[in-house]
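Asks: Under the working numbering, the first residue of the sequence shown is numbered 1, with each subsequent residue one higher.
Since the hints were derived computationally from the structure, they do not count as laboratory data. Wrong hints could be hidden among the right ones.
What follows is a list of derived Cβ distance ranges for each label pair [to be verified]:
(1) GLU184 / SER30: 17 to 23 Å
(2) ARG59 / ALA22: 35 to 41 Å
(3) ARG143 / ARG172: 38 to 44 Å
(4) VAL119 / ARG43: 33 to 39 Å
(5) ARG41 / ALA188: 33 to 39 Å
(6) GLY51 / PRO169: 37 to 43 Å
(7) ASP101 / THR185: 36 to 42 Å
(8) GLY51 / ASN76: 23 to 29 Å
(9) ASP134 / LEU170: 16 to 22 Å
(10) THR50 / GLU11: 18 to 24 Å
(11) PRO169 / MET53: 34 to 40 Å
(12) GLY20 / ARG167: 21 to 27 Å
DMTMM-like mimics (lysine to aspartate or glutamate), calculated; alpha carbons at most 20 Å apart, straight line [claimed, not checked]:
(13) LYS151 / ASP101
(14) LYS10 / ASP37
(15) LYS10 / ASP26
(16) LYS151 / GLU182
(17) LYS151 / ASP161
(18) LYS151 / ASP26
(19) LYS151 / ASP48
(20) LYS171 / ASP101
Since the model is a prediction, treat every value here as computed from it, not as a measurement. We put the beta carbon where it would ideally sit given N, CA and C, even for glycine.
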Amino acid sequence: MDALSPKPFKEAARRAFPFGMAALADDAASELSSFIDDTYRQRSEAIDVTGQMIAIPQRLHFVGLSASSDRLGNLNPASRCLVTRATDGHLRQQAARSIIDHQSAWVAPFVLMLLGEYVIEIVEDVRDALPILDQSVYANLIRENRQTVQKLRARATSYWDAYYRPRYPLKRDYPGLQALHEMETWAA
Numbered sequence: 001m002d003a004l005s006p007k008p009f010k011e012a013a014r015r016a017f018p019f020g021m022a023a024l025a026d027d028a029a030s031e032l033s034s035f036i037d038d039t040y041r042q043r044s045e046a047i048d049v050t051g052q053m054i055a056i057p058q059r060l061h062f063v064g065l066s067a068s069s070d071r072l073g074n075l076n077p078a079s080r081c082l083v084t085r086a087t088d089g090h091l092r093q094q095a096a097r098s099i100i101d102h103q104s105a106w107v108a109p110f111v112l113m114l115l116g117e118y119v120i121e122i123v124e125d126v127r128d129a130l131p132i133l134d135q136s137v138y139a140n141l142i143r144e145n146r147q148t149v150q151k152l153r154a155r156a157t158s159y160w161d162a163y164y165r166p167r168y169p170l171k172r173d174y175p176g177l178q179a180l181h182e183m184e185t186w187a188a
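Take these sequences, add in the hints, and give me the full structure.
Replies: Listed below in structure tokens is the structure:
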């Protein structure tokens with residue numbers, strides 16, 4: 001399968017977590033399978049988590065799952081990690097808020113990837129959560145993924161320039177760049 005072909009959701013869920021988390025990934029796939037549009041063309045982003053390459057979906061299209069529903073809060077943490085990749089920004093934000101304080105190495109890549117978002121409210125939530133994040137987990141993640149961090153920085157800079165420059169005249173004040181800078185400081 002090429003990088004653009006539809007992939008069964010169970011496979012995408014398994015690839016999104018380290019090998020030792022296969023049972024949790026399978027539970028997430030089962031829990032979310034009735035909401036997923038498996039025909040949506042999925043792309044993923046490779047990221048190293050404690051020496052294992054995983055593939056975080058760039059976007060997943062969920063049908064019948066909404067930010068206003070109580071269902072999201074009842075999902076397991078792995079499912080909520082996957083929902084942070086939803087095509088619906090409100091759903092993505094609710095899922096992000098529900099996992100951001102989860103102190104596990106397998107959650108951190110999903111939080112980190114949010115810093116390359118164009119939805120400023122999500123980026124602000126991550127920046128505002130910096131004091132509660134496990135610095136050692138994120139420092140390791142940053143060290144293992146310098147190229148990914150460069151891509152996130154480029155995306156954040158692009159979104160700042162295209163949409164948020166009037167709100168944040170100084171690039172260094174843009175929340176996504178602030179958060180990336182802080183995390184890179186942890187990794188220094």
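Asks: If any of the earlier hints don't hold here, list their numbers in rising order.
Replies: Hints 1, 2, 3, 4, 7, 9, 12, 13, 18, 20 not satisfied by this model.
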